[in-house]
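S.K.: Keeping the supplied structure of chain A fixed, place chain B upon it in accordance with the hints.
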Amino acid sequence: MGEPSPVVVLIGRRPPHEVLLLAVSIPLGLGMLTRAPAPASVIALMPAWVVVAWATALMLSGIVGVASAVWTGDILRALWAELGALLLGAGVFATYTAAVFVSAGMRAWFSGGFMGAWAVANLIRCAQIRREVRRLTAGARLP
Amino acid sequence: MSAVDWPAVLSGGLGVAILGAVVAIVRAVMGRPLVQASAADQISTTALKLIVAAERSAERAGQEATDAKREATDARREATDARRAADEAAREVRLLKSAILAPTATLERLREMVGEPGANGSAGVRV
Numbered sequence: 001m002g003e004p005s006p007v008v009v010l011i012g013r014r015p016p017h018e019v020l021l022l023a024v025s026i027p028l029g030l031g032m033l034t035r036a037p038a039p040a041s042v043i044a045l046m047p048a049w050v051v052v053a054w055a056t057a058l059m060l061s062g063i064v065g066v067a068s069a070v071w072t073g074d075i076l077r078a079l080w081a082e083l084g085a086l087l088l089g090a091g092v093f094a095t096y097t098a099a100v101f102v103s104a105g106m107r108a109w110f111s112g113g114f115m116g117a118w119a120v121a122n123l124i125r126c127a128q129i130r131r132e133v134r135r136l137t138a139g140a141r142l143p
Numbered sequence: 001m002s003a004v005d006w007p008a009v010l011s012g013g014l015g016v017a018i019l020g021a022v023v024a025i026v027r028a029v030m031g032r033p034l035v036q037a038s039a040a041d042q043i044s045t046t047a048l049k050l051i052v053a054a055e056r057s058a059e060r061a062g063q064e065a066t067d068a069k070r071e072a073t074d075a076r077r078e079a080t081d082a083r084r085a086a087d088e089a090a091r092e093v094r095l096l097k098s099a100i101l102a103p104t105a106t107l108e109r110l111r112e113m114v115g116e117p118g119a120n121g122s123a124g125v126r127v
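Chains as they are written, first to last, in my numbering: chain A, 1 to 143; chain B, 1 to 127.
Just chain A, same shape as in the assembly (with noise of 0.2 Å):
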């Protein structure tokens, strides 16, 4: 019997934080294309049509993001469905920071540091997620 592969372990795939803020863009996204406009910041920076994309991205990263971590089948897929929500959502809030800070300068301190950070926490899982693939895949025969 040759050397076994070496055991993966996948950090938690259900962090609280990410999971109840991806679900909390599901009705704020669904609400800027409904109902309530978008932040002002973002309208005044951007055309009508990326402010409906920005919004719509916004919802979709919510639903895949929700429906990964939901996910009981194959972890490969649910892992690669969580990183492309959490790049649209890292995008959202990338694109909305430097809006609030170009609309408002350091008075938009607050938002902007939340939501800069928020982006930046999206981007390291990204990579947390990309790292996790890459051995997932090393150590398995794919059909």
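Some clues are possibly wrong.
[What the hints assert, rightly or not] Label pairs and their calculated CB-CB ranges:
1) A:27 <-> B:48: 47 to 53 Å
2) A:120 <-> B:4: 47 to 53 Å
3) A:27 <-> B:6: 23 to 29 Å
4) A:24 <-> B:19: 21 to 27 Å
5) A:71 <-> B:55: 33 to 39 Å
6) A:120 <-> B:54: 46 to 52 Å
Simulated from the structure, these hints should not be mistaken for lab results. A virtual CB, placed ideally from N, CA and C, is assigned to each residue, including glycine.
M.R.: Okay, now just chain B, sitting in the frame of chain A:
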């Protein structure tokens, strides 16, 4: 910084993020699943060592059981031999008793039956 075309920059950034996300989601939907058959390969080295040790221990226990069975068979055989010897001795005693109690018993005849005394007085009975 006022020369920066912020709408273009922000739209471009959002576009890149959307593109990356679409690629990842497509891989999630269309990608091949992780094969479950490699589960045996994922057993840690420690668990494998435990399994090997348990197998060796089971092998030793099996060997000991075989040895114990062989010893039990030998003991049974010795017990059978001892019983046969006891039956033979009982038969000799019965014969001597009959000879002693017979009305035609004589000392010479009894001596002849017992034969030459061996070490410690032991001797076979001649019938």
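S.K.: Next, verify each hint and record whether it holds.
M.R.: Evaluation of the provided hints:
Evaluation of the 47 to 53 Å hint for residue 27 of chain A and residue 48 of chain B yields a pass: the beta carbon distance comes to about 49 Å. Separated by about 21 Å at the C-beta atoms, residue 120 of chain A and residue 4 of chain B break the suggested range of 47 to 53 Å. Under the hint 23 to 29 Å, the C-beta atoms of residue 27 of chain A and residue 6 of chain B, about 28 Å apart, fit the expected range. Take residue 24 of chain A and residue 19 of chain B: their Cβ atoms lie about 25 Å apart, and the range 21 to 27 Å holds.
At about 38 Å, the beta-carbon gap between residue 71 of chain A and residue 55 of chain B stays in the expected band of 33 to 39 Å. Between residue 120 of chain A and residue 54 of chain B the CB atoms are about 48 Å apart, so this pair conforms to the stated range of 46 to 52 Å.
The structure fails to meet hint 2 from the earlier list, while all remaining hints are met.
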